[in-house]
Structure formats: structure tokens, C-alpha cells
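**Student:** Chains Y and P supply the protein sequences, listed in that same order.
Numbered by the numbering used here, the letters in the first sequence go through residues 5 to 289 in order.
Numbered by the numbering used here, the letters in the second sequence go through residues 26 to 183 in order.
Honestly, the hints are just simulated from the structure, not real lab data.
Small disclaimer: the values here were computed from a predicted structure and weren't measured.
The beta carbon of each residue, even a glycine, is placed where N, CA and C say it ideally should be.
A portion of the hints provided could be inaccurate.
Beta-carbon label-pair distances, calculated as ranges [stated by the list, open to error]:
1. A158/P - R88/Y: 27 to 33 Å
2. A107/P - A63/Y: 44 to 50 Å
3. G240/Y - G97/P: 20 to 26 Å
4. D92/Y - D150/P: 26 to 32 Å
5. G160/Y - R175/P: 42 to 48 Å
6. P289/Y - G81/P: 37 to 43 Å
7. R182/P - S100/Y: 19 to 25 Å
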Amino acid sequence: MKPAPFVRHVPATVGGATDMLAEFGPQDGRILAGGQSLVPIMAFRMARPAHLIDINGVAELARVSRIDNTLSIGATVRHAAFHRPVADAEMGRMLSTVVRHIAHYPIRTRGTFCGSIAHADPASEWCLVASTLGAEMVARSKRGQRVIAAEDFFEGIMSTALAEDELLTEVRLPILPSQAHFGFYEFNRRAGDFAIAMALVTYRVTDGVIAEPRVGLGGAEARPRRIPEAEAALKGRPLEAKTFQAAAEAAAQAIDPIEDIQADAEYRRELVRAVTRRALERSVP
Amino acid sequence: MTGKVAITLNINGRDHAISVEPRRTLADAIRENCGQTGTHIGCEHGVCGACTVIVGDDPVRSCLMFAAQADGVPIRTVEGLAKGDTLHPLQRAFMDHHGLQCGFCTPGFLMLATAVLEREPNITDDDLLDVLASNLCRCTGYQNIIKAVRAAAAEMRA
């Protein structure tokens, strides 16, 4: 239950971090941000990185900023930064609602938004937010910088498009349009546990019907994603129970559920039906 | 170098100059290198919260931080709560409301509650329950811990 030996490197700048990653990435080097997923895995000896590049001292990565209609979240911004709204209106409220479902308070003071994205646990709330809103991930390496769309970033269970020499420096979240509504519902057996299934929905209401619906599911498949079938069941429809049931049914039918010790495929499909409907019910203004 | 590094842990206002491997967790360093055994280690993977200490202003799981990451940052542990013979309001409330039985989880709960009440003296009851759900207690059933923290919060506000 003690981590295996490693060499710790402490860069002061992003350039320093990417230089170290270029050198040590191929030698089983890993980035250490909040450490709230990596360190437990190391304690179990399921991970034994030879090098840890500790980016907590890189000041330029600790910022949340708004640029036009995008919220830029730096690599060392903690979950706890979202306890209070960091953006206006529904965007801030959505983030401060979702963050309450991430582990527990003392984990949220250390764990980072971008760390969750790079870790890509299918049950990660931030990965669901990134997928549903269509986030862009900014990856820097000694070779340069590239921007990766959420749909291309998450490749599977704890698997992303990041190369071993790339540092996720920033996630750019599109800000919800004004007058947007959102609903979030997560099912797990104990407070703070990993989601067995969760849904995030956003939309606007125009002329009494749903416009620009987004329905994202997490914890249900190998990676979080939007469910076009459920969105189609919402678009142009009035906000009523019948609409929500149709969308929930479409989501349940559309997914390819993962199976694990918590839930088999059939049960997860039932949960998806329930969490989608409940997220929609919670979204009603 | 996987060899030892020299760091200084500032615990409850006192500097401890120690030499640790990078893999040494803050929890182990506080207990083994600095001799402050009030901080307990339960699960060693971030689930139980027994090792909760305050680093800077934040309550953290000290088993999920490496000691080297806390070099030079003020750390508070349960040993620093009482002022001489005068217990901290939270410590007294835990006694008055029977918020502990075996006591193993108590240092973690005290440091968690201290950090949160200092930051949010007017915390809502919903938020307080969310916070106290962070740590495991297998004796009390939580009700008396909740009562104790509510009472201490009221006293600390007065």
C-alpha cells in the first residue's frame, strides 16, 4: 500500500514540463496534477511510473478565464474552484451543481478538472460535461500545440488521444447560451461514489418547444458521448412528460452498455432510461 | 534521483527538517518522520479520510499527497487544535455530543470540519452533510458527529 519508488521532477513553466515529458514520457513518465486518481492507483501498485512530472508549481496552469464564449480551464484548476459559480447564469450553476457529485470535499480541494479529463474514467462527471458541451482539449508538447475535439479525445476506458509526450494544458468549454436550461442526474449507491450512470441535458426553449437539445450520457458506455437519438426525440417538442419519456427510451435503446461488478448491461440500460428522464425533469425551468 | 530529498514540513507552526524519498506520502512523513501520530492512517488510498489534515487552507487526504509537495506549506494537524489545556470548540463539541466512540476517525473529522467551518462559518445544513459524508466512521452512525459539528459551528459563529 505504499507507492513504488519514482523520480520527481518539478517544472516551473509549461515549456519546462513539456521538455521533461519529451524526455521522461517514453521512460514510463507521468504527469502528476491533483493526484487523487493517480496516487491511489500507485498505492495499489497498479501503476508504477518511473518518473512523475509534478505540474502543481506551474503558475500559468492555475487559471480559469473567459474568452468570448469559451471558459478556459487550466491544467491545475481544482474541482473545488467550481463550488461557487465561475461563470454567469446557467453555466456557473451547471458547473457548481455537477461538482458536488465528484468524490468528496477534501478530494475536490486537490483533484483537478483537466486531470479528470486526461484520466478519462467513463464515470467522470467532467468528461461528461466536456462531451455534452463539445469541449476542446489543448495538448502541448515539444513538437507544438494541437486542439482536440471532445468526440476525438475520449477513445475508451481511461484512454485518450493524448500522446505520451503531450500535456493537457487547458480545456476550453463552450459557455451555455443565454436562456439555456440544464438538468443533471447521477445514480450511484453511496454519496461520492463513481457514477453507475449519469445524464446531462441542455437546451433552449423557443416558441414553447425545445431547441438545440444536447443529451450526454456518462458511466454507461466506455466513453461519455452525446446521444443523437435522444436529442432527436426532444427537438421541436414541448416540455412535457411524454417528450421526456420518449427521449429516455431513445437513450436506453441507443447505448452499448459496459458491464462491471456494479451493473450488468440490462440494468445499466434501465438506469440510463431513469437518469435521462430525471435529468430532463430537473431541467424544467 | 529516487534518493532522499531534504524538505521542511511546517506542522502547527513548527518546522521539521526531514529527509524523505519522493514516494513518501505526507501522512507517513507527518507520523514517521515528524512523530506527530495524531493523524491516523486508515485505508491509504483516499477513501476513509482518517488522515485528513489542513494544507494551506485546504482540508486534504494526506495519504494522497507526497510529503515533498507540502515542502514549506503550513500544515495543521489535530495536535494544533487545542490551545494549551483549552480544547478547540469542535473538540469539546465532539465530547459533549458523543461524536466519537473508538476515536480512530476523529482527528480526520476534526480537521475536515475545522477547515470547512473556518472557510464557511455560515455553511448550510445541506452543504455540511455533504462535507461530513467525506469521511468514514464505523462507530457513531454519524448522527452525533453531525450534532457536534452543528453545535460547534453555532458556537464559533457567536
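**Student:** It remains to establish, for every hint, whether it holds in the given structure.
**Tutor:** Here is what the structure says about each hint:
1. A158/P - R88/Y: 27 to 33 Å: violated (20 Å)
2. A107/P - A63/Y: 44 to 50 Å: The hinted range 44 to 50 Å is violated for A107/P and A63/Y, with Cβ atoms some 36 Å apart.
3. G240/Y - G97/P: 20 to 26 Å: violated (59 Å)
4. D92/Y - D150/P: 26 to 32 Å: holds (27 Å)
5. G160/Y - R175/P: 42 to 48 Å: The hinted range 42 to 48 Å holds for G160/Y and R175/P, with Cβ atoms some 45 Å apart.
6. P289/Y - G81/P: 37 to 43 Å: holds (39 Å)
7. R182/P - S100/Y: 19 to 25 Å: holds (24 Å)
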